[in-house]
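Listed below are the residues making up each chain.
4 protein chains.
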Amino acid sequence: MNSIDKLAELFQKFPGIGKRQARRFVYFLLHKDNIYIQKLINEIANIKKEINQCKECYRFYPENGKSLCPICIQDTGIKQLMIVEKDADLENVHKTNLYEGKYFVLGGFIASHDKKKSYARTEQLLDKIKRDIENKELDEVIFGLSISPEAEHTRMRLYNMIHENYPDLIFSTLGRGLSSGTELEYSDIETLKYALESRITQNKKQNI
Amino acid sequence: MNSIDKLAELFQKFPGIGKRQARRFVYFLLHKDNIYIQKLINEIANIKKEINQCKECYRFYPENGKSLCPICIQDTGIKQLMIVEKDADLENVHKTNLYEGKYFVLGGFIASHDKKKSYARTEQLLDKIKRDIENKELDEVIFGLSISPEAEHTRMRLYNMIHENYPDLIFSTLGRGLSSGTELEYSDIETLKYALESRITQNKKQNI
Amino acid sequence: MNSIDKLAELFQKFPGIGKRQARRFVYFLLHKDNIYIQKLINEIANIKKEINQCKECYRFYPENGKSLCPICIQDTGIKQLMIVEKDADLENVHKTNLYEGKYFVLGGFIASHDKKKSYARTEQLLDKIKRDIENKELDEVIFGLSISPEAEHTRMRLYNMIHENYPDLIFSTLGRGLSSGTELEYSDIETLKYALESRITQNKKQNI
Amino acid sequence: MNSIDKLAELFQKFPGIGKRQARRFVYFLLHKDNIYIQKLINEIANIKKEINQCKECYRFYPENGKSLCPICIQDTGIKQLMIVEKDADLENVHKTNLYEGKYFVLGGFIASHDKKKSYARTEQLLDKIKRDIENKELDEVIFGLSISPEAEHTRMRLYNMIHENYPDLIFSTLGRGLSSGTELEYSDIETLKYALESRITQNKKQNI
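Chains as they are written, first to last, in my numbering: chain X, 149 to 356; chain H, 149 to 356; chain P, 149 to 356; chain D, 149 to 356.
These aren't lab readings, by the way, just hints derived from the structure by calculation. Check the hints yourself; a few may be wrong.
If chains are identical, the list can't say which one is meant, so a pair holds when it fits in one copy or spans any two.
Unchecked claim - Straight-line alpha carbon distances no greater than 35 Å define the calculated DSBU-like cross-link-like pairs of lysine-lysine that follow:
#1 Lys-154 x Lys-243
#2 Lys-341 x Lys-167
#3 Lys-341 x Lys-264
#4 Lys-203 x Lys-180
#5 Lys-234 x Lys-180
#6 Lys-264 x Lys-203
#7 Lys-187 x Lys-264
#8 Lys-227 x Lys-197
#9 Lys-161 x Lys-227
#10 Lys-278 x Lys-180
#11 Lys-180 x Lys-227
With the sequences and hints as input, model every part of the structure.
Written out as C-alpha cells, the structure is:
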C-alpha cells in the first residue's frame, strides 16, 4: 500500500469522513505547498505537546504551566458545577459568558444497556463532588446535557448515585421549552409541557 | 388545455406542491377507482359546507348547530387567552390536554415591513380582549407563537397595542429552553440563556 | 370523524403525502375561496369523464371522439414501438419530439419475486406486438425503461417472451453512458463501460 | 491563538470542512493515542516525499525510482490519450480496467470568463500531443471530462486549439446516455437525445 492509500486510511478514522472524502483530503494535501504541510504537521504534533487535559474537569486546554485549566483555577465564588458530555458542549456554553460556575466533562453517556461500553468518568465525577463538598465549594450540580434518551438515562443514574449522600446538595437541569427556530406546529408534547409550565411573564416580575 | 393540465395547474397551488408532483397527483387520480374519486369530491365539497370558522377564536371546526366552537363554548373557569398563528398550532397544543384556557387564531404575523400585507386579525383580537375583560373572563394573555423574528415582532407589536389599556392584564410567553432532541453543542446563545435562567430544580421545590 | 379528518385521510393516499402535509392541504382548502374549490371539484370529476385510456397503448389522453390516442392514430411511417413503464415516462420522451414511433405503457415492472404482484400489462403487450407484426407495422421494439434492477429484469423477461416468435424483429435499448450532470469521479463501472464503448467521434463520421 | 485554534484553522482549508467539523477533528485528535498521531504526521510528511507528479501525464504516483508513472511507462500499443480533469477521475476510470491508453490530467477547466483563473495545463497538453504525434504514438484524443457547462466549454476550446494542426488525429468524447439509476421520467432532453441516437441493438450485431 502506497502513501496515498495509507494516508487516506488514516483520514477515514476522522469523524464523519468516508472513503471518498478521505481520498479527497489526500489529493488536497498533494496540491498544497510545503509551507502549509509543515504547519499542519507541526500543529498536529503541538496539540499533543501543548494541550493538557485538566485534572479537575477533564477538559482540554493549552498548557500554561499550571496543573489546572483557567476555568477551574479562577475563583468566581459561584458554587455551581455543570456536568457536560464533551468539550464542544463546554465551549459552546462558556463562550456565552452566561455561566460563572465550574464544569465537569463526563466524556460520554452511561449506556442503558450494560453491554455498551461507557466512556463516562463516573468515578472521577463522584470524587470531585466529594472533594468540592468537603471544601464547601459546591451548592448546586447542574446537568448540562443534551436532550436525548441517552442523556436522560445518564442524568437519572448520576442523580441516583449522588443525591442520597448529599441531602443539602441542589440538583438542577437546564430549562426546557421552545428553542430558537421552533415551530409550534411541530413541537412535541414534552417540549410543549415545559413551555407551558415555565411561561415567562412579560410585565410583572421578570422581563424579556 | 386539457383536463390533465387544468387539474395539474390547480394542484400546483397546494402548499409545497410543484409542477412534477402536481402531475403525479393527476396520474394518481386517473388510476384510482370511481369510489375514491367520488369520496374525494364529496369531502372537498363538505369541508366548505360542514366546517365553520368560529366567530370568537377564528379556528375552523365542524358545524354543530352552535355559533361558537367547542373550545370557546366550554366554561373551564381558566381565564387565559392563548394567541396562536394558525389552526395547526392550536391543534398541536390542544391535543396535549395541557392547556385549559381559550385560543385566538391570529391568521398571520404582523410584518416588520409595511409593504408586506399582513393577514393578522389584529382588530378582531383587540375587540375580543376588550369584550373578555369587560366580562371579567380574562386574566392572562399568552403568546403561543413559534420562535422566529417575525413572531417576535408580532408579539412586540401586539403587546404594545394592548397592555397600556389594561394595566392589570398579565402577558406571558411560552417558556424558552432546550427542546426535545437539542444538542447542547449547537444551541445558540439565546436558547442557552433561557435554559440557564429557567433551570429546573430536581429535588427541592419543583420535581421533573 | 369530522370532515377535516376525513378529507385529510383521503389526501394521505396521494403519492408522497404524509399525515402532516395532508392536514396542511385541508387547511389550505379551508382558506380558499369557493371559486377555486368549485374548479377543483369540477376538474377532478372531469378527468374521469374526459380522460380516456387508449386501447392500443394504454396511455391517458383527453377524450376526443376517437377510440385511439393521437399518437397511436397518427401514421408517421416509423415502425418502432417503445415500451415505457408509465405515462410520465412517455410524456417526457414525447415532448422532446425526438421519437416518431409508437409507445406502449406497460403499467409496472415484472417483479423478480413471484410473490410481488405485477401491474405489467404483459398480455396486452404480446397481443399488440402480434397485431402490429401481422399488419407489417413493426420492425423494432425499443425498451424505454429507466435504469434499475427491476427494469432490467422486466426487459429480460419481455425479451425472452417475445423474440423467439419473431426472428426478424429488432430489439433495442436506450443508449447508456454519461448523463447530464454526471461527474466522472463518481460514475460506476457499468456507466463507464458503456461510455467508453459508445464514444462519439467528433471530427470523422458523426458530429456532436 | 492556542494550538487547538491554530489546528482547527488549518483543517478549515480541507475541502468541504467548515468551522464546526474542523474543531471536531481537533478534539478527535486530542482523544487519539500517540501512535495514531505519529502515524498521521509521518504519512502527511511522506506523501510529499514519496509521491511524485508524473512529468508526462501530471498524475500523482508513488515514487519508484522512475521519472514516469507506471501508466505512462507501460507500452500497451493502444495509441489513445484520455484527457481528464483530475486524479480522482483518472483513478475511477483506471480501476475499471476497461481502458488501456494513456491519460493526461488537465488540472482544472478552462473558464468561460477570462477573469476566472484557470488551472488547466493547456501548454503542457499541447506539447505532449505534439510529442506523441511526432513519435507516432497517438491516433485518438478522448475527452474524459464530466458533463457540465464548464467541461463542455473546456472541451470545445481544447478541440479548437488542437485539431487544425493535426487533420488525421481523431477526437472523441465519452458516450452519453442513460446512466445507472436514471429515471426516464426525469431525464433531460439532451440525455434522451443521446440515449435514442445511440440505441443498443440486442439481437443483431451488438449484444448487451
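Status of each hint after checking the structure:
Taking CA atoms no more than 35 Å apart as the test, Lys-154 paired with Lys-243 passes between copies only; the shortest distance there is 18 Å, against 38 Å inside one copy. In this homomeric assembly, Lys-341 and Lys-167 come within 35 Å of each other (Cα to Cα) only across copies, at 23 Å, whereas the closest approach inside a single copy is 44 Å. For the identical chains of this complex, Lys-341 and Lys-264 are neighbours both inside a copy (32 Å) and across copies (34 Å), given an alpha-carbon limit of 35 Å. For the homomeric pair Lys-203 and Lys-180, the shortest alpha-carbon distance between copies (18 Å) is at most 35 Å, but the shortest distance inside one copy (38 Å) is not.
In this assembly of identical chains, Lys-234 and Lys-180 lie within 35 Å of each other by CA distance both inside one copy and across copies; the values are 33 Å within and 15 Å between. In the homo-oligomer, the alpha carbons of Lys-264 and Lys-203 lie at most 35 Å apart inside one protomer (26 Å), although the nearest pairing across protomers, at 53 Å, exceeds that limit. In this assembly of identical chains, Lys-187 and Lys-264 lie within 35 Å of each other by CA distance solely across copies; the values are 29 Å between and 38 Å within a copy. When the C-alpha separation of Lys-227 and Lys-197 is checked against a cutoff of 35 Å, the pair qualifies only within one copy, where the shortest distance is 32 Å, while the shortest distance between copies is 55 Å.
For a Cα distance limit of 35 Å, the shortest separation of Lys-161 from Lys-227 qualifies neither inside one copy, at 40 Å, nor across copies, at 41 Å. In this homomeric assembly, Lys-278 and Lys-180 come within 35 Å of each other (Cα to Cα) only across copies, at 30 Å, whereas the closest approach inside a single copy is 52 Å. When the C-alpha separation of Lys-180 and Lys-227 is checked against a cutoff of 35 Å, the pair qualifies only between copies, where the shortest distance is 33 Å, while the shortest distance within a copy is 49 Å.
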